[in-house]
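Given chain A, put chain B in place with the hints provided.
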Amino acid sequence: MDIEADLVVIGGGMAGLVAGTIAAEAGLNVVVIRKGQSATAYSSGAVDVIGYLPLASDPFSSPEEGLFALSRLYPLHPYSVIGYDESIQPEKILDVIVERTRDTVSWLKAHLEGTLAPVKGKFDSNIHPITILGTTKPTCLIQKTMDSGDLNERDDSVLLFVGISGYADFNSSAAAQTYLEDRVVSGSSPQKVAHCVLQVMPFGKPYNISSIELARHLDHAGSIEPIAEQLKKHIEQVGATHIAFPPIMGIRNAMKNKLKLEEMTGTTVFELLGFPPSIPGQRLQKSLETIFVKAGGKLLLGHEAISYTRDGALLKSITAKSPRREIKIDAKAFLLATGKYIGGGISGNKNGLRETLFDIMPVTGDYHSALDIVPSRSTSTLSISPVGQPIQSCGLSVDPRFRPVTEEGLEWAENLFAAGAILAGYNYAVEKSGLGVAATSGFNAAKNAIELIKEVA
Amino acid sequence: MTTSEFDVVVIGGGSTGTAVARDCAMRGYRTLLLERDDIASATVGTCAGMISSGLKYRDEPDIMEMCSKEVVHWNRIARHLIMKNPILAPLLDLSDAASDSSYMDSYSEHVGEREVPPMMFLTPDASLEIEPMLHPDVIASVYYEEYFIDPFRLCLLQAIDARNHGAQIRTYCEVINFEVNNNDEIEEVVFYNRISGATESVKTQVVVNATGPWAQKVAKSVGDELPIRLNKGAHVIFDRRIVNVGITVKAIDGRWIYLFPHENTTLLGTTALDTWEDPDTLVASFDEIEYLLQSMETVLPSIREARIIRTMTGVRPLVPEWKVPEGKVTRGYQIVDHSETGGKKGLISFLGGKLVMCRHMAEAVTDIVGKKLGKEVPCTTHETPLPGNEDDVDIIALSKEYDISLHALERMRARRGTEMVKVLAHTKEHPEWKTTICTCEPVIEAEIRVAIRDEFPQTLNDIRRRIRLGTGPCQGTFCTYKAAGILAEELSLSGDDFLVDILDFRAERWKGIRQSMRGEQLAQEELAQGMYACVGNLDQSDVDYDLKPWEEGI
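Residue numbers (my numbering), protein chains in the order written: chain A, 1 to 457; chain B, 1 to 554.
If you are wondering where the hints come from, they were derived from the structure by calculation, not from laboratory data. Beta carbons: idealized from backbone N, C-alpha and C, even for Gly. Wrong hints could be hidden among the right ones.
Unchecked claim - Residues on chain A that point at chain B, a partial pick, calculated with CB under 8 Å:
{"id": "1", "residue": "S44"}
{"id": "2", "residue": "S57"}
{"id": "3", "residue": "L133"}
{"id": "4", "residue": "T135"}
{"id": "5", "residue": "S165"}
{"id": "6", "residue": "A168"}
{"id": "7", "residue": "Q177"}
{"id": "8", "residue": "N208"}
{"id": "9", "residue": "F275"}
{"id": "10", "residue": "Y341"}
{"id": "11", "residue": "K350"}
{"id": "12", "residue": "R354"}
{"id": "13", "residue": "T381"}
{"id": "14", "residue": "Q389"}
{"id": "15", "residue": "K432"}
{"id": "16", "residue": "G434"}
Chain A extracted, bound-state conformation (with noise of 0.2 Å):
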């Protein structure tokens, strides 16, 4: 079977969707084919742009302050990258860089609003939520089930963290004790923190339950109301204002869960940011495939991009495999947005990574060759710290249009954009940059494919 299209995006995730969407908008024929699950399904639902410059210790209070930073000193950064463009003037790319990384942050909220994972937060400040672990991180856009209100704000907030029985994924009372002390050293409010444990049995077991058995079980109507009753024996207790639950609140009731327990309870209710399985991840992946095919995208589940036709400079066609048919779909431009290891975008071996579907050489964090790296040596000793690990940072090298480049320096083919994961130069774990990235690189990776595909029409 053999299918056409202007644009065909391989890969599903924050990056591919967001392409996508944007390709379709412009009108379009986009394909987006995905393998499997997408790694943005396993963040934690967060939308990170960027936490901290690498190796420093104190946060970006905004994403504008951190692009400014960042871009001054990573020139190569895919955020710098965006700057790039021959229209541009040298002393206007850092303006344009914050400006292109805006505009992406702002489509990306107004998209998601009336989505299963509409969003709150400003470009101008990054905001601190509270992980299951008790710790806080910066970042942009939080759910809206993860708005805290006025926590932070109240001399008088008394925060309770709620764990469920037999739910081994959030440990109420050691995340409490974590935050606690947070705050007691920082001298921020709250000052009083509590924990309990709930009883929430999805299938009548009081043992072994998941992320995804309390969402769904939280979906169903009737579920609130017991965890409401519960609750209000411990509300009472400590005088709790705020309520913080792990990240289970719903997949299609979240929002409304949250407001029926904030009205039944009459505090101030929200998700904490949490590890995969992410409930909070699933929802984001949700909603950004819902607009995609809302703006006319086509989306192919469970195909693998396996092979490629090219014709001098340009990509032709790419054949993507599902367990019953291939297909060959024929494009005028594609986007690989294939991720790194998680995604199986890159791939590695003793003597080095590989791009995996075009054999395109990958590059270090420094922009050396990655094809024969041995990758224990491009670690840190340490396994958490803020060098991370610098094998993290590999990826693919692109052009100021995205487009990924071979050894010489040139584009590998004039219709081939990269986005998200698969680009070298960032390590988004430390910065804390991830989705904002994929997002970025994917909205702007867009914008060049449909000019070059208006372009050759």
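Then chain B, alone, in the frame of chain A:
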């Protein structure tokens, strides 16, 4: 400083030290065991757990006989911790077979008492039927059987049994000094309590130095010389049981290396490199990993496709023989009574030895201790079962009664034998403790809580050694924070300590993962970084994290 009095202080909580403490306590001597880290946290924790027939040491028939006898004892006192692996030595050309056949006779001499069949040659078809992944050109293979024991559990149960017999077991207590009187007799042992930060001392008549590769260092702290030959050995660990049976093959340098299914994983080892480094800093090198993989590849070509999850590295405390390769150094042990070599009176040190003979070593040294104390009592350690080995366990019935998977229960049985019922009993009152915390192994919450309450762990790493938490394919990616929460609850830890426990556990896992980063471990590590650094923001945490010896000097 508090001072109390003991008959014997044992230094070192490895296989030998815990065996000595158990023996001394069972003979009624007032016993204290001091371990600077945790039980089985060093040498023995990096071995394959083979309680060997002594096949490799057939040039030393006495040792082979001792090994066989000890296997019989282990099967009597600790059979719940024991697994038997059939082993194939595949031959690709005749010269492999013809070089030496005396080993067949030496091995077969002891098969009766070890309850295994005699060594035999298998045809290529029979070999491939047992292990289809073997090289198709195999011309024959040698078949034999060896027993394996869970080295962590063995040490822990010896320590617990010593405690049950009145010994004191003190982990995280590092010996820093000895008080010696004018007659060159040791009177007191001074040690630093790493948990409380206090320096303590105890009076004692005898000190047994069972510190393996650190024996020389301990002797030096009292001014005695103790030559030793340190030899580094590394393993590569795969994510599951990738072979049906053990495979052994000659490496590029003619040494035998092996691939053993071990618990839920497979071990490929070992290397042998003389070392003068601080054992705490050692990690496997790229060369060691390739040496092992390339050698095993000759008979098992698909080994390259298997998923490596980590490496582990230990140091053999060999008897100081010079001018011979590691493989020719005696695997027997020596007991050095320092009073007889011009050193301090009351100090006895071990050199050499193997896991299989740790009980024998303990018996021999405890006989000497008894003489010194003037209180000779016969040894019973070979007759008295270790805790949990009292009876068979009906896993199927327990699975029905408690509604827990057979797999989880069988893994628990392999650690606890009859004692597992104590863990399960907790789930009557706390059904939520049936929750699986480590899904790779698997480990349920009740066992973590029981281990914390009864088995004196201080850190997540100590829990790992007790119940194999975080030792599977994900290397603790998904259980580190869950188990840390339980530890924090049980020990009433501060928030800082909760985070430090997470960081310490990640650090120790990373120590072994890092060297073998390739293939799927790249994605696994991206996930771990995404969780603990990106979401948890722990890379920016300002808790008091102590750099580990292998992390320093970057």
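- Against the structure shown, which of the earlier numbered hints fail to hold, in ascending order? Checked against the structure, the only hint that fails is number 12, while the rest are satisfied.
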